[in-house]
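> The hints should help you fit chains R and L onto chain V, whose structure is shown.
Protein chains in written order, with my numbering: chain V, 1 to 255; chain R, 1 to 354; chain L, 1 to 287.
To be clear, the hints were calculated from the coordinates, so they are not data collected in a lab. Beta carbons are placed, not taken as given, at the ideal position from N, Cα and C, and that holds for glycine. Check before you lean on any hint, since a few could be wrong.
[Claimed, not checked] List time: in silico SDA-like cross-link candidates among lysine to any residue, alpha-carbon distance up to 20 Å:
id : chain 1 : residue 1 : chain 2 : residue 2
1  : V       : 28        : V       : 194
2  : R       : 136       : L       : 277
3  : R       : 115       : L       : 277
[Claimed, not checked] Negatives, chain R to chain L, calculated, CB over 12 Å:
id : residue
4  : 34
5  : 57
6  : 127
7  : 199
8  : 248
9  : 250
10 : 308
11 : 316
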Amino acid sequence: MLKIHNLTKRFGGLAAVNNVSIEFEANKINAIIGPNGAGKSTFFNLVAGAMAPTEGRIEYQGMDITGMACDRIARLGIARTFQTTMLFDQSTVLDNLIVGHRLRTQSRLWDVIINSKRLRDEEKKCRARAQEVLDFVGLSHIGHRITADISQEEKKRVAFALALATDPELVLLDEPAGGINPEETENLAALIRKMVDHGVTVCLIEHKMDMIMSLADKIMVIDHGEKIAEGTPDEVKNNPLVIEAYLGSDEDAAA
Amino acid sequence: MSALTKISNFFMTPAMKIAMIVAALLFPFVAGNEYQIYVMALAFVWAIAVYGMNIITGLCGQLNLAHGGFFAMGAYALAILTVDHGWAFWPAFIAAGAVGAILGFLVGVISLRLKEHYFAIFTLCVGFIIYLLLDKWEELTHGALGIINIPAPSGFGLVDFTETTPFYYLALAFMVLSIWLASRIAHSLLGRTFLAIRISDDLAASLGINLMRNKVLAFVLSTTYASVAGALYAGMVRFIGPAEAEVTHTFDMITYLLVGGIGTLMGPLLGTLVITWLTQSLQFLEEYRMIVFGPMLVVLVIFFPKGVVGSFLSWRGRRLAAAHDASQAKEKAASNTSSSKSSAASTQEAGNHA
Amino acid sequence: MELFFQQVLNGLTLGSIYGLVALGLTLVYGILHVPNFAHGALYMVGAYVSYITMVDFGVNYWVAMLLAAVAVALLAVLCERLVFNPLRHAPPIHDKIAAIGIMLFLEALVQMQWGAEFRRMPTPYTDILDIAGMTIPAQRVLIIAGAFSLMAVLHLFLKKTMTGSTIVAMAQNREGAFLVGIDANRVAMMTFAISGALAAVGATLFAPINLVYPAMGHLLIMKAFVIIILGGMGSIPGAIVGGLIIGFAEAFGGFYISTDYKDIIAFALLVVILSIKPTGLFSKGVH
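This is chain V alone, in the form it adopts within the complex:
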């Protein structure tokens, strides 16, 4: 599905991601973990096309997408969510989701001016897709609410729905369970699993270890920009390098 070859990103002299190679399989939950500042978010930004890598190659479904612009990568089927959920607070939840399917439509300014049939059809299609993904994430009962008035966990789900509305095959989730309570985290994990059951490949960054260990099929551990381990949760859990990285960073944090 996604093959990364020797991916490197340097800022000035500093390598935020250093020579990382990994392969993510389709229809699996892949997790990326590592101490704060290890380069996880940079890694995501590289895959999603928000930044161009300094070196290395990113291959998605056999296609070389290295350095491709963000919006083109999205159209190829890679969607993402962000650490902070970004939604338009003043409109309704459903209204927020309609734009998600925009990338699968063709209407231009001229269609808008003459209110063409194509535009009307595509608007119907986008609305239908928005309703569908809203149902999928279990929020159809709050589609009419003003987004500012819904809970943090609901906002996370809306962000998932927005990503799903783009019809992705791979979804990158950046700390999906950040800032929500344990029970909500479990529900969210169930939702992630459901996404995979419906044929979406998931790749996520997360700090909540319990969640990762029970959820992920494959884990990659990054520290100081370098991959130090990969494997199943059990393999990673018992890897001495991983234990050291985490203990080391704990000491750093305590100091």
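Okay, now just chains R and L, sitting in the frame of chain V:
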């Protein structure tokens, strides 16, 4: 249903639109004197420009501080073509709109690669360059003297637009057309695309939206609105000078936009009318209006960033949502299903449809 | 050759004032990420405070400068507390609009109080010096020396004092500074105070060879923005170097090309540079 809800619902109906247009059509008959009609026509012309600003700043979220400059550019394009090159009004008017679009495209392609603050600062500088050029490039613009004897719009022998009332109807027609187009854009997929960019560049790009193409489109639309309004303004006041490009006009338009409600459909019109008439009724304020407007801008962005229309829409949205919830609850109670359904269970259920 | 050196002197004079004003702007941007459009108005208020205290109250030039610095510093802190602090989590358009609101208010207020007419600020230093065959007005020497010594003082303050290094730390890493327990409010107020004082001193130095009027800050603030974009937003050395670049470009451009378009040079330079490199000339390219 409470009276308040009924009134607020009425605001959203086509009947309200018709009522507003009828009121505008009747205004010259109820106006006390010709001067009031003139002020209203001028407010309509400014409102057109404010609708342009609303597209790039309100919908797309990019604070364009060169907007007054593009307004002046439209006015000058019309004035130069008619006075110095003997063009008839309407061809010159169309050309002025085209000038706004082309220059908007050129400026947009460069400036929109810049983010947030850089874009605002850059456009502030562009506005100032426009002012300096109009002021100093005497061969083209007549310099500080300005251009006089600009023809009024030609009425093809049917109407005389040098008269205030006919011009009022002309301005009204153009404004209604502008609002109609703005509403088409705002309510379409295109408007939603712009709005996604306003929320965040990163989010929009991750949704497969081509940032540059959409931002430039919004910018060109806004500068075209501005230059069309400027050309109309030149045909109304009949003489213009470099002062039309002063940055204070841009700041005035920001005030109109913010008072009415940034990013809303009726906000630009409401804000322009309210502030114009407020300034008129406080004549002594004309020169010092910024003593009131300056702090008002600050208070608005801190306490009422949504403006009049935006606040109304949020209030209404909340009421509708609450009403919807209430009716759902009633239905549930009536069908007497197991009352305590956990949200997790409903998630499962809803998922089966997908 | 003499004319050439005259332009060098002009460039230095302009550049040092631009640098001083841009420094205040870049400090505030570095700490709070607010492009303070009201900074030019603070500069203007500084000039008026000096003017009024000197002309109406007969205060000594240097005392007037000090009073202006204190008054504008307080005004800047007031702006931070009342306006920018409440807006620190608002969408990015809001703080810019609020800054514009402050600017419009201050200008209108000054104009109502003292009128729109141009005034000439008196200076005790009216001598014309004759150095190596060049005639140099003493005020220009004062501007250059004053501005650069103030920059040096500021540099020492930022490098050697606790408060100064806190400001630098926060400019470099806001979240990090927060974690190690820096009082963000105090730093923000301090930064605004410094930026206001710099603007007032700059105005008092520069006004005697220029004019005092309500819109005097307009052009300057726009040039200061050009400078900090050139020098990298938030960079202190960048502001000084950028100030000199613009100062020299104007002095020589005005002399050798056209005085009419002298003021356009800075903006044209900005347009050209940003067209080639959208992140500015000296930015490190991380953000």
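> For which of the previously enumerated hints does the structure constitute a violation, in increasing order of number?
Per hint list: 2, 5, 6, 7, 8, 9 violated.
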